[in-house]
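K.L.:
Sequence:
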Amino acid sequence: MEYDVIVVGGGHAGMEACFATAHMGLKTLLVTLNKNMISNMPCNPSIGGSAKGIVVREIDALGGMMGIGADFGCLQMKMLNTGKGPGVQCLRAQADKLDYPKVMQKFADECENLTILEGMVDDLIYDENRVFGVKIQDQEIYSKAVILTTGTYMESTILRGHNVKVEGPDGEKPSLGLSPNLKKMGINIIRLKTGTPQRIRMSSIDFSKLEPQYGSEKPLKFSFTDSNIVPFEKQIKCWLTYTNNKTHEIIRNNLHESAMYGGFVTGVGPRYCPSIEDKIVRFSDKPRHQLFLEPESIHTDLIYLQGFSTSMPEHVQEEMVHSLVGLENAEIVKYAYAIEYDALDASEYDYTLETRKYQGLYIAGQICGTSGYEEAAGLGLVAGINAANKILNRPPFILKRDQAYIGVMIDDLVSKGTNEPYRLLSSRAEYRLLLRSDNADLRLTPLGYEVGLISEDRYQKFLEKVEKINKSKEILDTTHMGMKPDFVSYMHSLGYIDYKGGPRASEILRRPEVTIDELIKYVELPSLNEEEKEQLEIMVKYEGYIEKAKKDAQKLNKLEEVKIPAGMNYLKMDGLRLEARQKFDKIQPRTIGQASRISGVNPSDISVLLLHIKKGSEKWQN
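For the sequence shown, position 292 matches number 295 in my numbering, and the numbering has no gaps at all.
Straight-line C-alpha distance at most 25 Å; calculated DSS-like pairs for lysine-lysine:
1. LYS618 / LYS575
2. LYS240 / LYS105
3. LYS393 / LYS138
4. LYS337 / LYS168
5. LYS551 / LYS87
6. LYS554 / LYS476
7. LYS524 / LYS544
8. LYS503 / LYS487
9. LYS187 / LYS138
10. LYS553 / LYS468
11. LYS289 / LYS212
12. LYS337 / LYS249
13. LYS176 / LYS38
14. LYS176 / LYS138
15. LYS186 / LYS147
16. LYS524 / LYS536
17. LYS553 / LYS419
18. LYS38 / LYS138
19. LYS476 / LYS87
20. LYS168 / LYS186
21. LYS105 / LYS38
22. LYS109 / LYS38
Rather than coming from a laboratory, the hints here were simulated on the basis of the structure.
Produce the entire structure from the sequences given, and follow the hints as far as they go.
P.N.:
Shown next as structure tokens:
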């Protein structure tokens, strides 16, 4: 039995990897522990959020599937940060925990070139520098590439208080055996931790005491294709409550019972999504913390208590939950838990997500040290494309920091590493005005078409859209607004009583009070849909800032053009500080740009490195 690509794990990373390789024409095998858990959402029933929502748009723009699945499995959709600039606005969907996996499983069943096999991969087939396939107990399956996407299942344990169980998320089987064998292969394994909160019986909650949270009245969707839009009137409400002094007192009095504070947790947890006990300890000055009550599905009566993750034992969780307003009589159907699992150290893989020590072995998702469904899916897509490209003798697929949030994430991991579950944040992107939610297709759809994930029909529609937007921008830049009475009246209504005519339409649009919907009443433009109008308005209003960001990015990219010769012996390099030597030796940066972004490296280290590269001395070659 032989395949082009074997993907291990059917979570969000695994599915994007499968879809990528299969849609690129390669015979693909997905090995998963349970077919029914493909694309499962073991933690929060949502997709998107700050920065994450842009990643979903990027996945869709490249030809991935998560955005379409999220649109069809949506309970509620909203745009976050609408009071801020377009560089930080992101979509977030409340997803149906049962419907979303069903949609993705249907895509998998209908996917040409994809075979699904239930089983546990416990070892790899390999020689000194290459992986040739996987072992499932006594069965050997060969392939040209293997992509590991084990999520939080590899050697996973569930912790509640002092109770530790060898178990995967949602009570599923853990992946056992693979991690010890990876260690035998010389691969560095780290231990990480994350967690999930309680599920509450909806009928036991007093919603009259809670603040309702609604979705957007404006039609929204992740995908740039003609996918599903849930009307506002059919969207499901969420609710808001808060912790209080009683809650905090219960937690402080029982910290010794917590798995984390009781010394049972060995893995490192996520800094930006801490447990509730960690919040109480770290932010002791805060009198309360927000908690969102999110319905898991229209098919169940379970509520996800967002923000209340904990590793406390069950009896303490009962007290904690019942201390909350509106949840005084709440029935806990599933108790919160912490989960520990194995992942690979970031020094083990490169920008293509291929491991440095073994050709043909790729990793994606939480095994890379990340957290979140969206980060996982983005990594899975990149790993799948690169595995396929290598097999098809095509160049590597590497996204730069000014091209995509996915590029920011991979560069952060490879250049800086992580010793905690990495979470993507908008603040991590220095060129976030270029990496907006609205323009993900403009940035990435040509790349998706180039690798073979965007159909000819979709690409032609994209080109037509680009042409319309560019033509509209040209009209706005060249049309001078005159003294037509209706337009003069409009300007006077905005407070411009001294308007005398003359400015170009684009200059008028840059005024904060003017919107594209109002301006097109006075300027004839090609027919634009709401999405196209939004892109046009942002391009015009922020043109100066966008151009400055592009120039800054170009300066960065010049540093990426300065290649570092392979085989540099940094440990013996005179003039470099010890920390820089050690970091360079571990990470082996490919370019000066990458070297400059390594934590602990300063400009003087880069100057020394450039000097040695310029000299071209063989002294520093291994």
